[in-house]
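Residue numbers (this note's numbering), protein chains in the order written: chain D, 366 to 558; chain G, 5 to 353.
Calculated directly from the structure, the hints in this document are not laboratory data.
Hints are supplied without guarantee of correctness; some may be wrong.
[As the list claims (entries may be wrong)] Restricting the straight-line Cα-Cα distance to at most 27 Å, the calculated cross-link-like pairs of lysine-lysine (DSS-like) are:
id, chain 1, residue 1, chain 2, residue 2
1, D, Lys392, D, Lys369
2, D, Lys445, D, Lys377
3, D, Lys538, D, Lys458
4, D, Lys417, G, Lys56
5, G, Lys332, D, Lys369
6, G, Lys44, D, Lys377
7, D, Lys384, G, Lys44
8, G, Lys44, D, Lys417
9, D, Lys394, G, Lys60
10, D, Lys405, D, Lys417
11, G, Lys56, D, Lys392
[Stated by the list, open to error] Covered stretches of chain G, as calculated for chain D (at least 3 residues, CB under 8 Å):
id, segment
12, 126-140
13, 174-187
[Stated by the list, open to error] Pulled from the structure, derived: some chain G residues nowhere near chain D, Cβ distances all over 10 Å:
id, residue
14, Ala13
15, Val29
16, Ala78
17, Ala98
18, Ser100
19, Ser114
20, Val144
21, Leu281
22, Trp289
23, Gly292
24, Val293
25, Trp348
Here a beta-carbon is modelled for each residue, glycine too, at the ideal position from N, C-alpha and C.
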Amino acid sequence: MESKNSIGSIWKGLTVTLKHLFSSHAKRKVISVSSDNYFKQLEGTGTIQYPKQQLPVPEVGRYQLDVEIDDCIVCDLCAKICPVDCIDIEQIKATELIGHTSDGSPKRIYAAKFDIDMAKCMYCGLCTIVCPTECIIMTNTYDRSVFELKDLTYGFSDMTPAEAEEKRALLEKQLAEKQAAKEAAMKQKEGRA
Amino acid sequence: MLIAAGLFAFSGLFALFGVYAERKVSAFIQDRLGPMETGKYGVLQTIADVIKLLIKELIIPGAADKWLFMMSPAIIFIAVYMGFAAIPWSSGLAPSNINLGLYYIFAIISIETLGILMAGWGSNNKYSILGAMRSAAQIVSYEIPAGFAIISVVMIAQTLDMQTISAQQGILSAEHTKFLGIWDVTNVGGILSWNIFRAPHLIIAFVIYFIASLAESNRAPFDIPEAESELVAGFHTEFTGMRFAFVFLAEYSMMFLVSMIAAVLFLGAWNTPLPNLGVVRLADWTTGVAWGIVWLAVKALALVGIQMWIRWTLPRLRVDQLMNLCWKILTPLAFACMLISGVWRLWVM
Chain D
366 MESKNSIGSI WKGLTVTLKH LFSSHAKRKV ISVSSDNYFK QLEGTGTIQY PKQQLPVPEV
426 GRYQLDVEID DCIVCDLCAK ICPVDCIDIE QIKATELIGH TSDGSPKRIY AAKFDIDMAK
486 CMYCGLCTIV CPTECIIMTN TYDRSVFELK DLTYGFSDMT PAEAEEKRAL LEKQLAEKQA
546 AKEAAMKQKE GRA
Chain G
5 MLIAAGLFAF SGLFALFGVY AERKVSAFIQ DRLGPMETGK YGVLQTIADV IKLLIKELII
65 PGAADKWLFM MSPAIIFIAV YMGFAAIPWS SGLAPSNINL GLYYIFAIIS IETLGILMAG
125 WGSNNKYSIL GAMRSAAQIV SYEIPAGFAI ISVVMIAQTL DMQTISAQQG ILSAEHTKFL
185 GIWDVTNVGG ILSWNIFRAP HLIIAFVIYF IASLAESNRA PFDIPEAESE LVAGFHTEFT
245 GMRFAFVFLA EYSMMFLVSM IAAVLFLGAW NTPLPNLGVV RLADWTTGVA WGIVWLAVKA
305 LALVGIQMWI RWTLPRLRVD QLMNLCWKIL TPLAFACMLI SGVWRLWVM
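Build the full structure now, drawing on both the sequences and the hints.
In structure tokens form, the structure reads like this:
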């Protein structure tokens with residue numbers, strides 16, 4: 366009786382593996398998880414040959430951040446909300462209106478530095494929610510790798526250090542002028558009194 | 005010399021093919037793809053593996069017994085490799101035509117145990133010695149049912165000459181062949197004149213021999229000498245580079261060798277499975293030296309395929325289960341087969 370049982374169970378196991386062996390010609394189809402058939406692919410092999418095959422992901426998924434610096438008003442909200450402080454922004458106030466973003470917001474601040482440390486980023490997406498001009502977004506890039514740790518800090522500022530220095534000097538000059546005007550006004554006031 | 009080189013080349017090529025096939029079969033059974041990157045569908049994977057093994061450093065553990073350790077892979081491989089010498093490939097085509105062929109093969113294969121014990125003892129490693137002792141116990145035990153299954157064939161065939169045993173199972177037979185002992189199929193041939201159908205109890209003997217041969221080549225479900233999950237790699241834990249490659253080569257050559265012996269003894273050797281049907285002389289058309297090689301290779305490869313299929317299906321047996329199966333089931337059944345063989349030879353054939 367016992368040997369009959371074991372022969373039966375051995376045979377059952379052998380038929381299961383044989384079925385899998387011969388259904389291996391069916392390859393897994395590369396379809397999105399949102400497809401109705403995604404969880405119905407029970408036959409055949411389950412391997413996806415990454416990176417030759419890639420599962421489609423939403424165009425704006427919750428993967429690596431990207432900044433459209435032309436649309437950025439350098440309000441620093443993203444850096445403030447970031448729970449892990451991976452965004453590092455250095456602002457320089459402009460002496461005049463720089464221009465407008467694509468949604469019409471006035472730009473009054475230069476971004477001398479707009480660095481995002483991808484090694485720290487936890488992909489929570491809070492920065493994309495608070496951004497008033499929707500210039501910081503999450504993309505569908507998820508498999509970037511680098512050879513140097515410092516390359517994981519992505520710089521998005523389009524200003525050269527020389528330009529930043531020039532703007533800084535302009536700002537200081539304007540501040541100094543304003544200060545001088547203020548002092549002159551004060552003096553005038555005192556003199557009158 | 006030429007034959008020896010040819011057999012060596014064959015066992016090397018077969019190991020290349022066997023490892024690739026094993027990886028693909030296991031992958032498909034587990035719904036994976038297996039090697040895919042090296043060459044189309046990964047066909048060059050095993051060649052790449054061999055190159056890797058060739059250029060790896062040969063490490064001898066400090067506490068190892070140097071001579072035993074260095075010699076054991078060679079002994080393990082040579083024992084299996086020399087077994088090929090007596091196997092007939094086709095009618096009139098055998099590396100060495102000796103009238104004690106079967107006896108010789110059985111004797112030379114058992115030297116492999118010595119090599120495994122040397123490897124285990126020489127490595128001076130607890131996993132290796134455990135694996136080697138398990139292997140010795142297992143091979144010594146399973147040689148008994150295997151031996152009696154073979155003897156039941158020999159009693160039917162009345163010879164130890166592999167070439168004569170082969171010739172008896174087809175249309176080239178010198179004596180009268182009877183299907184199940186009743187129907188004279190001397191001129192019909194084909195599958196009807198194979199040993200398992202000349203004397204049907206040899207089907208049981210064949211199953212016993214097949215199970216025992218799995219145990220003798222340390223294949224799953226009888227792979228307790230290697231037992232990856234408990235003994236790292238068993239007796240060959242400490243081997244690196246080409247020494248490891250030789251142990252592996254021996255394992256795959258052993259798979260093919262035992263499958264060839266099973267095919268020769270039970271499944272009609274190099275005889276065609278197609279019988280003569282009236283004017284359709286299928287057996288006559290598919291008999292010849294070249295056909296013989298094809299049929300024997302097909303039969304042996306089919307058995308190798310079944311070995312792989314079993315390996316990736318069944319879990320490993322415990323030591324006590326292994327001994328139970330051998331001594332309480334296979335050995336009595338093999339004895340019964342031998343007894344029936346005697347009766348069959350005397351009263352039926």
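Now for the hints, and whether the structure bears them out:
no., hint, in the structure
1, D:Lys392 to D:Lys369, "violated (37 Å)"
2, D:Lys445 to D:Lys377, "violated (62 Å)"
3, D:Lys538 to D:Lys458, "holds (12 Å)"
4, D:Lys417 to G:Lys56, "holds (26 Å)"
5, G:Lys332 to D:Lys369, "holds (15 Å)"
6, G:Lys44 to D:Lys377, "violated (34 Å)"
7, D:Lys384 to G:Lys44, "holds (25 Å)"
8, G:Lys44 to D:Lys417, "holds (14 Å)"
9, D:Lys394 to G:Lys60, "violated (39 Å)"
10, D:Lys405 to D:Lys417, "holds (23 Å)"
11, G:Lys56 to D:Lys392, "violated (30 Å)"
12, 126-140, "violated (count 0)"
13, 174-187, "violated (count 0)"
14, Ala13, "holds (30 Å)"
15, Val29, "violated (7 Å)"
16, Ala78, "holds (36 Å)"
17, Ala98, "holds (34 Å)"
18, Ser100, "holds (37 Å)"
19, Ser114, "holds (28 Å)"
20, Val144, "holds (24 Å)"
21, Leu281, "holds (30 Å)"
22, Trp289, "holds (31 Å)"
23, Gly292, "holds (32 Å)"
24, Val293, "holds (33 Å)"
25, Trp348, "holds (25 Å)"
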